[in-house]
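Chemist: Quick note, the sequences are listed as chains H and P, same order.
When you line the first sequence up against UniProt numbering, it's residues 1 to 307, in that order.
When you line the second sequence up against UniProt numbering, it's residues 1 to 421, in that order.
I should point out that these hints are in silico values taken from the structure, not numbers from a laboratory.
Check before you lean on any hint, since a few could be wrong.
[To be verified] For the chain H half of the interface with chain P, some residues (derived, Cβ under 8 angstroms), not all of them:
# : residue
1 : Q57
2 : G59
3 : G64
4 : V65
5 : T216
[Stated by the list, open to error] DSSO-like, lysine-lysine: derived pairs with alpha carbons at most 30 angstroms apart:
#  : chain 1 : residue 1 : chain 2 : residue 2
6  : P       : K285      : H       : K248
7  : P       : K163      : H       : K150
8  : H       : K63       : P       : K163
9  : P       : K176      : H       : K150
10 : H       : K268      : P       : K411
11 : P       : K285      : P       : K252
12 : H       : K248      : P       : K246
13 : P       : K301      : P       : K329
14 : P       : K404      : H       : K248
15 : P       : K270      : H       : K248
16 : P       : K99       : H       : K150
17 : P       : K99       : H       : K248
18 : P       : K94       : H       : K54
19 : P       : K421      : H       : K268
20 : P       : K270      : H       : K54
21 : H       : K72       : P       : K176
22 : P       : K270      : P       : K191
23 : P       : K99       : P       : K191
24 : P       : K359      : P       : K142
25 : P       : K176      : H       : K54
26 : P       : K186      : P       : K404
27 : H       : K54       : P       : K354
28 : P       : K359      : H       : K150
29 : H       : K72       : P       : K94
30 : P       : K354      : P       : K328
31 : H       : K150      : P       : K252
32 : H       : K268      : P       : K243
33 : H       : K268      : P       : K176
34 : H       : K268      : P       : K404
35 : H       : K248      : P       : K94
36 : P       : K354      : H       : K268
37 : P       : K94       : H       : K63
38 : P       : K191      : H       : K63
39 : H       : K268      : P       : K163
Here the structure is a predicted model, which is why all the values come from computation and not from measurement.
Even glycine gets a Cβ: it sits at the ideal position worked out from N, Cα and C.
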Amino acid sequence: MSVATAPKRTAKRASAREGGSFLAALPWIGPALLLILAIVVFPAGYMIYNSTRKISQVGTDLKGVGLDNFAKVFADPALPRILLNTVVWVVVVVAFTVLISLALAQFLNKPFPGRTLIRMAVIVPWAASVVMTTTVFYYAADPNYGIFNKFLTDIGILDEGFGFTKNAVPAMAVAIVVAIFVSIPFTTYTILAGLQAIPNETLEAARMDGANRWGTYLFVILPQLRGALAVAVLINIINVFNNLPILKIITGAIPGYSADTLMTYIFKVLQFDRRLDISSALSVVNFAIVLVIVAIYVKTVKPMKEV
Amino acid sequence: MKKRNLRGVVVAGAAAAALLLTSCGFGGGNTGGNDDAGSPGAVTTLDMMVPSYSDGTKALWEKVIKDFEAANTDVKVNLEMQSWENIEGVLKTKIQGNKAPDIYNGGAFAEFAAEGLLAPATDIASEATVADFQPSFAENEKVDGTQYGLPLIASARALFYNKTLMEEAGVTEVPKTWDELHDAAKAISDKTKSDGYGMPLGNEEAQGESLIWFAGNGGNFGDATNIAVDTPANVEAAEFMQKMVKDGVTQKDPGATQRTPMLNTFIQGKLGFAYGLPQTVGQIKTENPKLEYGIAPVATKSGEPATLGVADRLMSFKNDGSKAGAVKKFMDYFFSADVYSEWVSTEGFLPTTKSGSEKMAGDETLKPFLDMLPNAVFYPTTNPAWNATDGAFKSLMGQIATGKSAPDVLKEIQAKADAAK
Numbered sequence: 001m002s003v004a005t006a007p008k009r010t011a012k013r014a015s016a017r018e019g020g021s022f023l024a025a026l027p028w029i030g031p032a033l034l035l036i037l038a039i040v041v042f043p044a045g046y047m048i049y050n051s052t053r054k055i056s057q058v059g060t061d062l063k064g065v066g067l068d069n070f071a072k073v074f075a076d077p078a079l080p081r082i083l084l085n086t087v088v089w090v091v092v093v094v095a096f097t098v099l100i101s102l103a104l105a106q107f108l109n110k111p112f113p114g115r116t117l118i119r120m121a122v123i124v125p126w127a128a129s130v131v132m133t134t135t136v137f138y139y140a141a142d143p144n145y146g147i148f149n150k151f152l153t154d155i156g157i158l159d160e161g162f163g164f165t166k167n168a169v170p171a172m173a174v175a176i177v178v179a180i181f182v183s184i185p186f187t188t189y190t191i192l193a194g195l196q197a198i199p200n201e202t203l204e205a206a207r208m209d210g211a212n213r214w215g216t217y218l219f220v221i222l223p224q225l226r227g228a229l230a231v232a233v234l235i236n237i238i239n240v241f242n243n244l245p246i247l248k249i250i251t252g253a254i255p256g257y258s259a260d261t262l263m264t265y266i267f268k269v270l271q272f273d274r275r276l277d278i279s280s281a282l283s284v285v286n287f288a289i290v291l292v293i294v295a296i297y298v299k300t301v302k303p304m305k306e307v
Numbered sequence: 001m002k003k004r005n006l007r008g009v010v011v012a013g014a015a016a017a018a019l020l021l022t023s024c025g026f027g028g029g030n031t032g033g034n035d036d037a038g039s040p041g042a043v044t045t046l047d048m049m050v051p052s053y054s055d056g057t058k059a060l061w062e063k064v065i066k067d068f069e070a071a072n073t074d075v076k077v078n079l080e081m082q083s084w085e086n087i088e089g090v091l092k093t094k095i096q097g098n099k100a101p102d103i104y105n106g107g108a109f110a111e112f113a114a115e116g117l118l119a120p121a122t123d124i125a126s127e128a129t130v131a132d133f134q135p136s137f138a139e140n141e142k143v144d145g146t147q148y149g150l151p152l153i154a155s156a157r158a159l160f161y162n163k164t165l166m167e168e169a170g171v172t173e174v175p176k177t178w179d180e181l182h183d184a185a186k187a188i189s190d191k192t193k194s195d196g197y198g199m200p201l202g203n204e205e206a207q208g209e210s211l212i213w214f215a216g217n218g219g220n221f222g223d224a225t226n227i228a229v230d231t232p233a234n235v236e237a238a239e240f241m242q243k244m245v246k247d248g249v250t251q252k253d254p255g256a257t258q259r260t261p262m263l264n265t266f267i268q269g270k271l272g273f274a275y276g277l278p279q280t281v282g283q284i285k286t287e288n289p290k291l292e293y294g295i296a297p298v299a300t301k302s303g304e305p306a307t308l309g310v311a312d313r314l315m316s317f318k319n320d321g322s323k324a325g326a327v328k329k330f331m332d333y334f335f336s337a338d339v340y341s342e343w344v345s346t347e348g349f350l351p352t353t354k355s356g357s358e359k360m361a362g363d364e365t366l367k368p369f370l371d372m373l374p375n376a377v378f379y380p381t382t383n384p385a386w387n388a389t390d391g392a393f394k395s396l397m398g399q400i401a402t403g404k405s406a407p408d409v410l411k412e413i414q415a416k417a418d419a420a421k
């Protein structure tokens, strides 16, 4: 920012001028600000407000209860397992997505016949609706008529169909596979864009210096992908953390809370327990966790820092 | 010049904000514009939200509404269909936004009544219509002595059995007791390629399946003042259900099994026994008429008759009270013998009105279910904590199939019900 580098004595005047220019800019940024207020700040505020109320099961606001709802949330015996599930879910999905996407992007960056077609194929899972993709996986894994189970029994790995989506651990695994599958297109394309921004001269210079392929990749290419990777990881973390459709479809029928993440638990509290107040409190916790993750990430990785 | 600009911005901004806020549904109040509903010639619009009982429900309601609107030009009805899975969530959102439907078809109603949101039956139907309901059903619609719901349908569960599979497994008698059902289902599981008994404990119908078994041991879910899930009779029944699962006589993963797809496997002839509804008969007729099956009373511990009865109702949210007259017109029209009996018989349910019963007395399909109705146990829908109990059954009961001890599961459900008081 130029203001930061300006001499001290002019800073005050500069900020006064800034105030004036803010008013002048208001007509242009006003609509965007209003939009942010209406669709981000207001609902978030409303959620926080709801989390401090007692709301009857039919939805009438009864009274304020302070932080009681949060006390209930943290005393919930199901919470530890849910948090553990959430962590596993986010870490595994994001890690695999990024690793696979790195390889895929490297491959798509090489010139080969039919590259355009392959690139388009990679984007398909992104173009399809997540609900649709997940439903296809869900039916494929059905123990009675799922094509995946049929295949496994036909080649003799299984004696009879296995309920991949009927028990907590295998169902989480299936959901993780689906989540990786639908996250890859965006991640791959972000990394691909990063790869194409690397000037050819750098790579040539590395080659001239006698670096081998791995050396070039680790010490020349990877550092230059920092920006692209940072964006990809951050957006994936938020996306995966807040993902509902995949888990709802794959693990939704499993009784109890052993296959729930924070997000699906909020949904269950709302749908089955009809506790709008408790689920608001859970949502606030959810929101806080995302904020903390993002803050830690921005602080340690400094994604905006130039290489 | 600059000043004018600024004012323009403020006005435009305020307008945009107002637009955004109201479209978000937080505006409050009905914006339907029925200020002059009372004046002659004005049209009152009724919002009606109903669940779908079958693929034909929507068309059935649309026909009723079309005929009603033709006869009453001053009333318009907006129909909104929702699945059973979603309807209560949608309703709650609407109540929060002060947009509760004028006519609502639902199961539980006591907590709405307890919070004073519902109009009493006498405000939304004429005396003749209210008096036409069978007394036992009308009684089931009362909270603190006031009737709120207009009973729409009744239904009972019965044991559907596959004759072909029974023969193949060498089972000759239709099971009447738990033990007989267990052994018959075991024979089918062992000797045929099909599953013996279908137990849907997924979140679609866990409460229904549970109450069928609890009722078979003299148990129930409690009454209007007390939710009693964790009782000795219920625990014993839940333990027997668990035994069925452990002995492998049910389909796989009963805890995650939904009723609809499970009944489809019965209809396809791949399941020995399952509890079904009157509609199941119609489904078999259209989807697999060749199925060799029979209908028998529910198998209970001692063989004494007992079953789960379900009654759903129409109710009306008061809102500002201006639409009661129009609602009354609609209800009186709908519950008239001809319209009502056609609706009920098309959906395959049992009628709740005296005039409707007379009209449908000769229906053969309904007979086995009508016979069971006197011994039916109903959900405690008049208890304000029933909604929460229902939700707890849906999300927790399936755990008995994943190995958690039955008494613990019932305790967990009871705790959720108690927390809702």
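Chemist: Regarding the pair P:K359 and H:K150, is the alpha-carbon distance no greater than 30 angstroms?
Modeler: At roughly 50 angstroms apart (the allowed maximum being 30 angstroms), H:K150 and P:K359 break the hint.
Chemist: Need the status of pair P:K191, H:K63: alpha-carbon distance at most 30 angstroms?
Modeler: violated (61 angstroms)
Chemist: Quickly compare the C-alpha distance for H:K268 and P:K411 to 30 angstroms and report which way the hint goes.
Modeler: Cα-Cα ~19 angstroms, so holds.
Chemist: Could you grab the alpha-carbon distance between H:K248 and P:K94 and see if it respects the 30 angstroms cut-off?
Modeler: holds (23 angstroms)
Chemist: Are the Cα positions of P:K94 and H:K54 separated by 30 angstroms at most?
Modeler: holds (18 angstroms)
Chemist: Sort out whether H:K54 lies within 30 angstroms of P:K176, counting only the CA atoms.
Modeler: Roughly 48 angstroms between the alpha carbons, so the hint for P:K176 and H:K54 is violated.
Chemist: Would the hint linking P:K163 and H:K150 be met if the CA-CA limit is 30 angstroms?
Modeler: holds (28 angstroms)
Chemist: Should the interface hint for H:G59 be scored as holding, given a Cβ-Cβ cut-off of 8 angstroms against chain P?
Modeler: holds (4 angstroms)
Chemist: Can H:V65 be said to touch chain P, with a Cβ gap under 8 angstroms?
Modeler: violated (14 angstroms)
Chemist: Need the status of pair P:K94, H:K63: alpha-carbon distance at most 30 angstroms?
Modeler: Holds: P:K94 and H:K63 sit about 20 angstroms apart, inside 30 angstroms.
Chemist: Going straight from one Cα to the other, do H:K54 and P:K354 come out at no more than 30 angstroms?
Modeler: At roughly 43 angstroms apart (the allowed maximum being 30 angstroms), P:K354 and H:K54 break the hint.
Chemist: Given the hinted pair P:K176 and H:K150, is their Cα-Cα distance within 30 angstroms?
Modeler: violated (37 angstroms)
Going down the numbered hints, you'll see the structure goes against 3, 4, 5, 6, 8, 9, 13, 16, 20, 21, 23, 25, 27, 28, 33, 36, 38 and 39, while the others check out.
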